[in-house]
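Each protein sequence line maps, in turn, to chains A and B. Using our numbering, you'd call the opening residue of the first sequence number -14 and step up by one each time. Using our numbering, you'd call the opening residue of the second sequence number 68 and step up by one each time.
Hints listed in this document are in silico derivations from the structure and should not be mistaken for laboratory results. Some clues are possibly wrong.
When the alpha-carbon atoms are kept at most 25 Å apart in a straight line, the in silico SDA-like pairs for lysine to any residue are as follows [stated by the list, open to error]:
id: 1; chain 1: A; residue 1: Lys109; chain 2: B; residue 2: Val153
id: 2; chain 1: A; residue 1: Lys73; chain 2: B; residue 2: Arg92
id: 3; chain 1: A; residue 1: Lys96; chain 2: A; residue 2: Gly85
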Amino acid sequence: MNTLEILFYALSAFAIVSAIMVLVSKNPIHSVLWLILVFFAISGHYIILNAQFLAIVNIIVYAGAIMVLFLFVIMLMNVQSDKEPQKKLLIKFIGVLSGGSLLILLIALVKQTAQLEGKQVLMKEGTIGLIHPLGKALFNDYVLPFEISSVLFLSAMVGAVIIGKK
Amino acid sequence: MPIQYYIFFCLTLFSIGVIGVLTRRNAIIVFMCIELMLNAVNLLLVAFSKMHNGAALQIAPGSTAGIDAQIFVFFIMVVAAAEVSVGLAIIVMMFRNTHSVDINFLNRLKN
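With the rest of the complex left out, here is chain A (with noise of 0.2 Å):
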């Protein structure tokens, strides 16, 4: 086992465990936390495959400015985690039964395509997740939703303000 396979098992259960700690604890302060783990671990995924811009752009974008986000209105708002109502255990385990049912169908349904058989990801090399590439592609082919998701910047922005200044 090389390093980068170890590097990838050991991303993963920490991904995997984030991810659960996520759902299971009772503070949702705990859980934005978690889940900024999750995106750590994902990025450390996208360094792995030489996606370096995705990389930080993740770290900035998801751990820093969304889940800021998702912190500053836990705390405004002040939610007691032992207020919070929960679901009949029968629902929860019905819940958990159906995503289970899902991943397992999923899984199968993989394993049993062959058009993937033998395809390999080229990790650590390759150079189309650099800066270099991915801004001759953006301004080039891309540079007209490139504008358009502008102005979905400013109607965001616009709508988040109408609709919390009531």
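Position chain B relative to chain A; hints supplied.
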């Protein structure tokens, strides 16, 4: 690393997100589980992009095949940021009206 391992890992993360949406009643936790599902999909897109790029590099060195998926991931992050800002504003408004973040409040929308 075979692509199947990445698919299994991302499917696991996605299913954990689905279970979270189905079993929790706190609207903020449900929202966070949706973010988890989005991230699992992002990681799978990048893995597939590297798979196609690796196959293309063996035929033509210097090929940039598969770069579109990484641009897609970038745009998914853009849309997720916009979605979170509006969604959290809606949750704050809901909390202001009912003093709880219980997701069952939202079933009043159906009448």
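Results of checking the hints against the structure:
Proposed proximity of lysine 109(A) and valine 153(B) is contradicted: the alpha carbons are some 37 Å apart, above 25 Å. With a CA separation close to 10 Å, the supplied pair lysine 73(A) and arginine 92(B) stays within the 25 Å bound. Between lysine 96(A) and glycine 85(A) the CA atoms are separated by roughly 16 Å; this keeps the pair inside 25 Å, and the hint holds.
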